[in-house]
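Going down the list, the protein sequences come from chains W, Z and Y.
Going by the UniProt record's numbering, the first residue of the first sequence is number 1, and it counts up by one from there.
Going by the UniProt record's numbering, the first residue of the second sequence is number 1, and it counts up by one from there.
Going by the UniProt record's numbering, the first residue of the third sequence is number 1, and it counts up by one from there.
Hints listed in this document are in silico derivations from the structure and should not be mistaken for laboratory results.
Built from N, CA and C at the ideal position, the CB exists for glycine as well.
Check each hint, because a few of them may be wrong.
[What the hints assert, rightly or not] Rough simulated footprint, nothing fancy, chain Z against chain W, three-plus residues with beta-carbon under 8 Å: (1) 19 to 31; (2) 190 to 197.
[As the list claims (entries may be wrong)] Some chain W residues close to chain Y (C-beta under 10 Å, calculated; not the full set): (3) Ile34; (4) Ile39; (5) Thr160; (6) Asn245; (7) Pro246; (8) Ile268.
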Amino acid sequence: MRRFARHSLTRRLVEAVLTLFGVAVLVFAMLRAIPGDQITATLGTESAALSPDQLASLRDYYGLDKPLPVQFFSWLGDIFTGNLGYSQRAGESVLAMTESALPITIELAILATIVGLVIGVPLAMLSASRPNGARDGVSQVIGLLALSIPNFLIAATLLTLISKYAHYNPNAGEFQHLFANPGVNLQQMMFPALVLGFGLAAPIMRTARTSLLEVSTADFMRTARGKGVAPMRLRVRHLLHNALNPIITMTGIQFGYLLGGAIVVEQIFSVPGIGQQVLVGMQQKDYAVVQSTVLVIATLFVLVNLLTDFLYRVVDPRVRAS
Amino acid sequence: MTTAVTPAETTVAVGAPPATTAAWRRLLRSPAGLIGTVLVALILIGAICAIAGLTPYDPVAQHPRDALQGPSGRYWLGTDQFGRDIFSRTLAGIGNSLRVSVVAVALSGVVGTLAGVCAGYFGNKVRGPVLAVTNVLFAFPPLLLALTLATTLTRNWATIALAIGIVYVPIFVRVTRGPVLSLRETDFIRAARVVGLPTRRILARHILPNISAIVTVQVTLSLSWAVLTEASLSFLGLGSPPPAPSLGSMVFDAKVFASTAWWTLAAPGVAIVIFVVGLNLLGDGLRDALDPRNGRNS
Amino acid sequence: MKLRTALSSPVSRCLAVVAAAGLLASACSSGSNSNSSSGAGGGTLVVGYTADPNTLDPWRATQFQAAHMLEQVYGTLTQLDTNMNVQPGLAASWQYSDDNKTLTLHLRQGVKFQDGQAFSSADVKSSLDRLRDPATAAVAASYIASVQSVDAPDANTAVLHLSTPDAGLLAGLATVNLAMLSKDNTEQQVSQKPNGTGPFSYTTRAPNQSVSLKANPDYWGGKPKVAALQFRIIPDESSVVSAMQSGNVNFAVLNDPTVAKTAQGSGLTLNKTPDLAYHALQLNSRKAPLNNLNVRLAMQCAISRQQVIDTAALGEGTPIGPITSPAFKSDPNSQPCATQDVAKAKTLLSQAGFPNGLTINTIVSTGLYATSVNEAQNLQSQLKAVGITLKLQTLDSAAYVDAWKAGNFTAALALNGGSPDPDGMYGRYFTSTGNLNKVAGYSSPQLDQLFAQGKSTTDPAQRKQIYTQISNNLVDNAAWIWLFSSYDYTAMTKSVSGFTPMPNGSLINLWKTSLG
Chain W
1 MRRFARHSLT RRLVEAVLTL FGVAVLVFAM LRAIPGDQIT ATLGTESAAL
51 SPDQLASLRD YYGLDKPLPV QFFSWLGDIF TGNLGYSQRA GESVLAMTES
101 ALPITIELAI LATIVGLVIG VPLAMLSASR PNGARDGVSQ VIGLLALSIP
151 NFLIAATLLT LISKYAHYNP NAGEFQHLFA NPGVNLQQMM FPALVLGFGL
201 AAPIMRTART SLLEVSTADF MRTARGKGVA PMRLRVRHLL HNALNPIITM
251 TGIQFGYLLG GAIVVEQIFS VPGIGQQVLV GMQQKDYAVV QSTVLVIATL
301 FVLVNLLTDF LYRVVDPRVR AS
Chain Z
1 MTTAVTPAET TVAVGAPPAT TAAWRRLLRS PAGLIGTVLV ALILIGAICA
51 IAGLTPYDPV AQHPRDALQG PSGRYWLGTD QFGRDIFSRT LAGIGNSLRV
101 SVVAVALSGV VGTLAGVCAG YFGNKVRGPV LAVTNVLFAF PPLLLALTLA
151 TTLTRNWATI ALAIGIVYVP IFVRVTRGPV LSLRETDFIR AARVVGLPTR
201 RILARHILPN ISAIVTVQVT LSLSWAVLTE ASLSFLGLGS PPPAPSLGSM
251 VFDAKVFAST AWWTLAAPGV AIVIFVVGLN LLGDGLRDAL DPRNGRNS
Chain Y
1 MKLRTALSSP VSRCLAVVAA AGLLASACSS GSNSNSSSGA GGGTLVVGYT
51 ADPNTLDPWR ATQFQAAHML EQVYGTLTQL DTNMNVQPGL AASWQYSDDN
101 KTLTLHLRQG VKFQDGQAFS SADVKSSLDR LRDPATAAVA ASYIASVQSV
151 DAPDANTAVL HLSTPDAGLL AGLATVNLAM LSKDNTEQQV SQKPNGTGPF
201 SYTTRAPNQS VSLKANPDYW GGKPKVAALQ FRIIPDESSV VSAMQSGNVN
251 FAVLNDPTVA KTAQGSGLTL NKTPDLAYHA LQLNSRKAPL NNLNVRLAMQ
301 CAISRQQVID TAALGEGTPI GPITSPAFKS DPNSQPCATQ DVAKAKTLLS
351 QAGFPNGLTI NTIVSTGLYA TSVNEAQNLQ SQLKAVGITL KLQTLDSAAY
401 VDAWKAGNFT AALALNGGSP DPDGMYGRYF TSTGNLNKVA GYSSPQLDQL
451 FAQGKSTTDP AQRKQIYTQI SNNLVDNAAW IWLFSSYDYT AMTKSVSGFT
501 PMPNGSLINL WKTSLG
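The shape of chain W in the complex, shown without the other chains (with noise of 0.2 Å):
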């Protein structure tokens, strides 16, 4: 049984290393396919003046003249040595960027996640202790809303409302990071935390009450009520608890997303994240910025699936045996 579990880890991380060879291969495929080059997205229209040996000499310097395999395999045997490229546009190196970016979108992404689980599990433990009955019937509008209404929606609207009305504005300051100045760190992630923490709210509440009403009629459950356990007890200690699988996977999957897909809140709320890192990357066509920002977000995602694929296991005795 344990050769099996590690035959099945080793599988995974033999797939793992695959995926992200792909990811590789696809982003890099993508970016050539694409119009333009760094040449024309820096110089944008006046590149059409530049002369035949201007030309050239610009190709050299962004690297552009090498044969594509070798711009392929150059740029992932660096990756090896920990060397993610070097913007030119940025004038600094990714790593350099991307360690600045990341603890940001990190931050978000759990914050983000805290708001879901703060708003979607009580949702839904109020939601499945009466299935069908008034409870369950707002709880259900509000997770369909959440579900429903565009975040890019909500996130401009609540940016408008807030400077206009409320002269409120802490995104328009140069942004602070966590350990350098907490409070005001705090007051720049909140509105964008609660946005994304909003529409995550909806996927959670709905599978932990899919989840809670499954439990709530198996047999360990009658017995406990038999036992005379009390109420709240019930709820927390074995509810829950045996309700957790499912919300820990749903949970680390849609952190995994929130990593690469708070680009469009990131971008209202100026939040200087590794989604705008490769939004901005993109529309600059700055090559090494976006495939190795790319890769980074696929290892992050293929990592935390790793990781709750692990604590399934921990939690959930069944999968353990098996």
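Given chain W, put chains Z and Y in place with the hints provided.
Showing chains Z and Y alone in chain W's frame:
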């Protein structure tokens, strides 16, 4: 949309062919199913009107003298900066968003389901490559993938649909593979194999009908995500090209008028929400209606 | 997103603009972080920018944001005043030889680079020599194409030997794309740490967040009125206005007229300056059906420029003819069909052999500037009335630039930079040897001759007459359809004073701006 790419938590039981009429009846008896059906029907009627040309005005006709007027008897939902009728444009936008979403989901549904079925039914030789591709697509941030694809291709509604469709293929693979894997080991499929039925026939006659409920529910939910993704792409400036309106591009254009001419934003915004709420409710209703356990209960 | 300036031009000539949506701006110090400093001025002026500067190399900075940030750091040999007249810069005075083929520059004395090195004629020679080297890929190299060699007879004198008289040269030297670099700095060095002679020196930058500059107390023009400048990146132009309303950003240049209108109603000071950049429908006269003069004229007659302005730009703009340079401005009414004439358009179409109308493919950019798609939709609607179907191909900025620079279009909707000198503005488009002639899609022997005459004539009155002929020739042949020029909006919070906007969008006066 961050929540876009998660497989539906479908509890549809495998192996019970749906009884269509009964399912319909159950769908319409549940409040969610009923409201969802009504909302989706409304949206469909709107889209059909637009496609048939039954809008009060030509959605792209400009009346510069009537620019940016509020709702009135003449222009029910007001006009935009070109004096175009927002009601007509919203209907046309619904039609366009519906077209993009339907084609996107049809594409991902067909490709994803076929891939999922093959990955579940056939051995490692098929499963390996299918899952490898699926994993790669899953690990690529979805909005970014759609964005890149939309940039790569010539922009028109069909390529937007293609971009969104590719992003959703892996979900269909994921939701169909598991059930097919367990179906494959059921007695009646084993029996069919022993009897020597051709594989194609087993797949078409026995496997596909049995996962149709899962696919139906997934299709409904994916449609709602496709509407949202199209809107997000438009918001980033990469949606359907003008002048044909799409709900997303209308919201994008109206953003700057939010405080001065609210109606330009309200109509497409509300239409998106109704559209997505309707599809979600319908999806929920279908899931319950197609779940045999619920059938027993009612 | 708004990425880069529209067409291009190197900035000075043009100026242009646009950042698309962008805003640009400069800002003033904000309440939030004003570290008052000693000296004449205090506080940090925070400028809202919608895009991160995409290069720190002044010789390749065509993006609006990059160019206007670098203008603060670098100095140029000449400068332009608010009427686009040439004024002394690092060259305090100059004189031409009698044949106008030798230009002697007397340099300002006592000027220092921000690293402490003295500025001298050796830096001028080194900069001009490097700028003319194709390997440098300087975007404004063509402005100094007439320069054959540069001498530095003494530390304060530089002599430029020209192949032909060049009336536009002095105005051209004012662009930051021809900024003077220290002879000791390589380009790679300045692309990481700019070192110029301008009013502000570079301190730090956080990619996608901000660029910070501090006052250069040794600036030859005087000490800047603020202690520091910060260009803060806020990707959405509406969000910039929100940030100004909350007092975090004090200064911004807005380009989207709808956003500017909202800013106006919210307690901010808004200046609008007519822009040299022009919106035009470029026609490719080398492709059917636009190779037919009557088709082009029919399009010109079918279009009401005012209606384009009213719908696409909410009334914010003025109809124009080809030349927008203040001293050479074309009369917008001296063109065939100066006002819309649908009947005439239909007649012309019949004469051209298209009584039943025709279809024209048009490329339109998204993301290069705010009003592009709106203009396209209105033009489409207007041309439809005479039976011309404008088939719009909306392209993202990169795809648009690719198609545009290859001349791969029948018609193209564009926002092109203007220039203080009309030769700099159109010589490269409409002369048969111009480096953008492929993009312009039109040339003729008459135009070649007129442009050559204009370039070698030095008498202002004579030049004005020559360029009026050029302008008329262009509209009579409907080489393109010139639509309108819009405004640059400078939005400031109440605490900001002393900023003078420039028609070329330049923020060169920021150092005279004070806070509070």
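Worksheet item: Holds or violated: is the Cβ of isoleucine 34 of chain W closer than 10 Å to a Cβ in chain Y?
Response: 7 Å, holds
Practice prompt. Closer than 10 Å between Cβ atoms is the bar; does proline 246 of chain W clear it against chain Y? Give me holds or violated.
Written response: Violated: closest Cβ of chain Y sits about 37 Å from proline 246 of chain W, beyond 10 Å.
Practice prompt. Check whether three or more residues of the segment 19 to 31 of chain W sit with their beta carbon closer than 8 Å to a beta carbon of chain Z.
Written response: holds (count 8)
Fill in: Restraint check, 10 Å cut-off on beta carbons, for isoleucine 268 of chain W near chain Y
6 Å, holds
Worksheet item: Can the segment 190 to 197 of chain W be counted as covered by chain Z under the rule of three residues or more with Cβ-Cβ separation shorter than 8 Å?
Response: This one is violated; 1 residues, fewer than the three required, reach chain Z with a Cβ under 8 Å.
Worksheet item: Do the numbers back the hint for isoleucine 39 of chain W, that is, is its least Cβ distance to chain Y under 10 Å?
Response: Holds: closest Cβ of chain Y sits about 9 Å from isoleucine 39 of chain W, inside 10 Å.
Worksheet entry | Agreement of hint asparagine 245 of chain W with chain Y interface, Cβ distance less than 10 Å | 39 Å, violated
Practice prompt. Return the status of the interface hint for threonine 160 of chain W: holds when the least beta-carbon distance to chain Y is below 10 Å, violated otherwise.
Written response: Holds - the Cβ of threonine 160 of chain W comes within 10 Å of chain Y, reaching about 7 Å at its closest.
Hint compliance for this structure: hints 2, 6, 7 are broken, all remaining hints hold.
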